[in-house]
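Participant: Quick note, the sequences are listed as chains A and B, same order.
Under this note's numbering, residue 304 is the last one in the first sequence; the count climbs by one each step, no gaps.
Under this note's numbering, residue 359 is the last one in the second sequence; the count climbs by one each step, no gaps.
One or more hints might be untrue.
[As the list claims (entries may be wrong)] Facing chain B, according to a computed beta carbon distance under 10 angstroms, are these residues of chain A, among others:
1. Val105
2. Gly110
3. Leu153
[As the list claims (entries may be wrong)] List time: in silico DSS-like cross-link candidates among lysine-lysine, alpha-carbon distance up to 30 angstroms:
4. B:Lys10 / A:Lys25
5. A:Lys13 / B:Lys267
6. A:Lys25 / B:Lys164
7. A:Lys122 / B:Lys10
8. A:Lys62 / A:Lys25
9. A:Lys122 / A:Lys25
[As the list claims (entries may be wrong)] Chain B side only, calculated, beta carbon under 10 angstroms to chain A, not exhaustive:
10. Val161
11. Trp207
12. Leu210
13. Ile252
14. Phe325
15. Ala348
These aren't lab readings, by the way, just hints derived from the structure by calculation.
Note that the structure is a prediction, hence the values are computed from the model and not measured.
Using N, Cα and C, we set each Cβ at its ideal position, and we do this for glycine too.
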Amino acid sequence: MTTLTHGDSVRRKAATEMRLLSISKYLLLVLFALFFLFPMVLMIVSSFKPDDQLLRDTSSLKAFIPYGDLTLDNYRGVFDRVPAGRFIMNSLVISFLTVGLGLVVNSMAGFALSRVRFPGQKVILAIIIATLILPLEAIAIPLLMVVTKLPWLSFDGGIHFEQGWLNSYQVQILPFVANSFTIFLFAQQFKSLPKSLDEAALMDGASWFGIYRRIAVPLSGPTFATAAILTFLPIWNAYLWPLMVVQQEDKRPVMLGVQYFFQLNVAWGEVMAYLTLITLPILVIFLALQRAFIESIASSGVKG
Amino acid sequence: MTALKGPTAKSERRAGLLFISPAALLISLFLVAPFFAAFYFSFTNQRLVSPNPTEVVGNEQYDRLLSFAWVTLDPVVDDAGELVLDNDGNPTYPLRELTRDPDSNFDGLQEWFSIGRGDDKRTSFLVGDVVFVKSVVNTLYFAAVIVPLQSLFGLILALLVNQKIRGVNIFRTIYFMPVVTSMVVISLLWRFIYDADNGLLNSMLGWFTLGRFEGHDWLGSTSTAMPAVMAMSIWAAVGFHMIIWLAGLQSIDSVLYEAASIDGAGKWAQFRNVTWPGLRNTAVFILITITIAAFGLFTQVDVMTSGGPLDSTSTIVLYAVRQGFNQQNIAYGSAISLFFFFMVLAVAMIQRYLTREKV
Numbered sequence: 001m002t003t004l005t006h007g008d009s010v011r012r013k014a015a016t017e018m019r020l021l022s023i024s025k026y027l028l029l030v031l032f033a034l035f036f037l038f039p040m041v042l043m044i045v046s047s048f049k050p051d052d053q054l055l056r057d058t059s060s061l062k063a064f065i066p067y068g069d070l071t072l073d074n075y076r077g078v079f080d081r082v083p084a085g086r087f088i089m090n091s092l093v094i095s096f097l098t099v100g101l102g103l104v105v106n107s108m109a110g111f112a113l114s115r116v117r118f119p120g121q122k123v124i125l126a127i128i129i130a131t132l133i134l135p136l137e138a139i140a141i142p143l144l145m146v147v148t149k150l151p152w153l154s155f156d157g158g159i160h161f162e163q164g165w166l167n168s169y170q171v172q173i174l175p176f177v178a179n180s181f182t183i184f185l186f187a188q189q190f191k192s193l194p195k196s197l198d199e200a201a202l203m204d205g206a207s208w209f210g211i212y213r214r215i216a217v218p219l220s221g222p223t224f225a226t227a228a229i230l231t232f233l234p235i236w237n238a239y240l241w242p243l244m245v246v247q248q249e250d251k252r253p254v255m256l257g258v259q260y261f262f263q264l265n266v267a268w269g270e271v272m273a274y275l276t277l278i279t280l281p282i283l284v285i286f287l288a289l290q291r292a293f294i295e296s297i298a299s300s301g302v303k304g
Numbered sequence: 001m002t003a004l005k006g007p008t009a010k011s012e013r014r015a016g017l018l019f020i021s022p023a024a025l026l027i028s029l030f031l032v033a034p035f036f037a038a039f040y041f042s043f044t045n046q047r048l049v050s051p052n053p054t055e056v057v058g059n060e061q062y063d064r065l066l067s068f069a070w071v072t073l074d075p076v077v078d079d080a081g082e083l084v085l086d087n088d089g090n091p092t093y094p095l096r097e098l099t100r101d102p103d104s105n106f107d108g109l110q111e112w113f114s115i116g117r118g119d120d121k122r123t124s125f126l127v128g129d130v131v132f133v134k135s136v137v138n139t140l141y142f143a144a145v146i147v148p149l150q151s152l153f154g155l156i157l158a159l160l161v162n163q164k165i166r167g168v169n170i171f172r173t174i175y176f177m178p179v180v181t182s183m184v185v186i187s188l189l190w191r192f193i194y195d196a197d198n199g200l201l202n203s204m205l206g207w208f209t210l211g212r213f214e215g216h217d218w219l220g221s222t223s224t225a226m227p228a229v230m231a232m233s234i235w236a237a238v239g240f241h242m243i244i245w246l247a248g249l250q251s252i253d254s255v256l257y258e259a260a261s262i263d264g265a266g267k268w269a270q271f272r273n274v275t276w277p278g279l280r281n282t283a284v285f286i287l288i289t290i291t292i293a294a295f296g297l298f299t300q301v302d303v304m305t306s307g308g309p310l311d312s313t314s315t316i317v318l319y320a321v322r323q324g325f326n327q328q329n330i331a332y333g334s335a336i337s338l339f340f341f342f343m344v345l346a347v348a349m350i351q352r353y354l355t356r357e358k359v
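Okay, chain A solo, but in the shape it has when bound:
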């Protein structure tokens, strides 16, 4: 009997230790969670506070508590001060077109490199591999010069060519459509599909486009999702490039909008409202598809 009680108490002690350990683990996890969350919470909560209360509250933890005269004035202020709707519209147009065109162009290139044999394939592959390490920051300045020289078809007052791509949608879209990394992603995926599918389809008289369209694409849904996420994030968050090529208001994307809020006195309430406006959609999409997001970005090794 005595040994049994002894064993019992040891077990109970071990159980208590386990519980303490797991409580401390959770405590640590929660502490880190607070550390990563607090700026977002601050942003969202502050966006509903009048400026004087917002600044007063930063002296204590009240900064994180939605209380007092919560209002939508900051949001109204944002739309008064900047054409926020226009900026969001621009960013949506640019993002969707870049993602859409990118999926088509890069998947076709990936298909060509992985499943078709054609002359010059090795050279093109080598060039694409070489461009993998070329960051935008390294070519932004010469690219700026290049895009000022490019022609674009204009329909203003008769059809003619205009020189220079500054202040346009295409200057924010076309340089980012083809992407070496995305091409590789598709090439890898298409390579994993059995080659016998192509042979059978060719025997049945299918064209190469038919194989791409009816076999390769339908079997690669997750790769398209990954490519879409990897293209969308850096385009929506783009800053350096639009900063250089867009000066006119009507083509500005959302991230350039922040510059409007730093004239003389910073109206922090409005800043927070604008930041919430341009961040919340991304966060909502992220939270809805978090597993796909995390896996996609983990596969990439690049952050926009």
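Place chain B on chain A using the hints.
Facilitator: Below, chain B without anything else, positioned relative to chain A:
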């Protein structure tokens, strides 16, 4: 089959070329062409907009970028042999006369820093463009701090969220949130947190020290501006590297852990002998990606400090943009961009070497 081969091969070639051509065209135009154009521009006086035709000027841009010299000078003395002192009572040196003299070897150079040598002698280090040199030093400083800290914190977080406990996925998601958030947004939020007058950081520090902490202008002082940017940058990107570490951790065969624990290895011994060797390639990948990202530092400093105060947060990319875009000096901006490219290339080569297949 042989009968089919002719036409099929031809249609295959045509299909391949058609499929690759849009991507090939776009990559040539927007990646390859600008890259080679950068080489060309850097040997000219190309400007973004200029009434004058562009001329090839040889090494002029690189002279400005890479010139380096030092000179030891005696202090200025007057006719009576007495030291000529400046307003603060310090000896003066004929450095300006030297760098403004078209006949001297030091013409056009700028003082980077000087050190006293005793006997009132002083050695001055001169460079072609002091802001560029400061930007390179700042960028290297940023990378030197960011790389070890961010990879270490990433690993700690990965070990933390690699445990099999309930709800751990929620924490992973939260830690990852800054990675999908725009750097512009993050930079502005932290600018608010660092604010000298109403910033959250100052009031928190004041609270913890019971009001003894007076408050500090984090982004406005040369000694703390860069560390403030560093802290924020780690916060913003560590979730990404946590996920990469996590993938590495999960690729380690659990049999190895079982074997280790049968051998009586403790937690730390398991980490040292099983986990760490299994993470080698992950570690190389992480160190390289953080280094390359750190070299490209731009958005944070542009939004938070504009490179100030006194160029203490100016970086290579920021300076390339200042020169190439703001000053419209495409030639010089291109030379700086190429300098940046070769830094990235060097790091990529190191990665190649470290992860090469062992024979």
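Participant: Each hint: holds or not?
Facilitator: The hints, checked one at a time:
no. : hint               : in the structure
1   : Val105             : 5 angstroms, holds
2   : Gly110             : 9 angstroms, holds
3   : Leu153             : 16 angstroms, violated
4   : B:Lys10 / A:Lys25  : 64 angstroms, violated
5   : A:Lys13 / B:Lys267 : 21 angstroms, holds
6   : A:Lys25 / B:Lys164 : 11 angstroms, holds
7   : A:Lys122 / B:Lys10 : 18 angstroms, holds
8   : A:Lys62 / A:Lys25  : 27 angstroms, holds
9   : A:Lys122 / A:Lys25 : 52 angstroms, violated
10  : Val161             : 8 angstroms, holds
11  : Trp207             : 7 angstroms, holds
12  : Leu210             : 14 angstroms, violated
13  : Ile252             : 16 angstroms, violated
14  : Phe325             : 5 angstroms, holds
15  : Ala348             : 5 angstroms, holds
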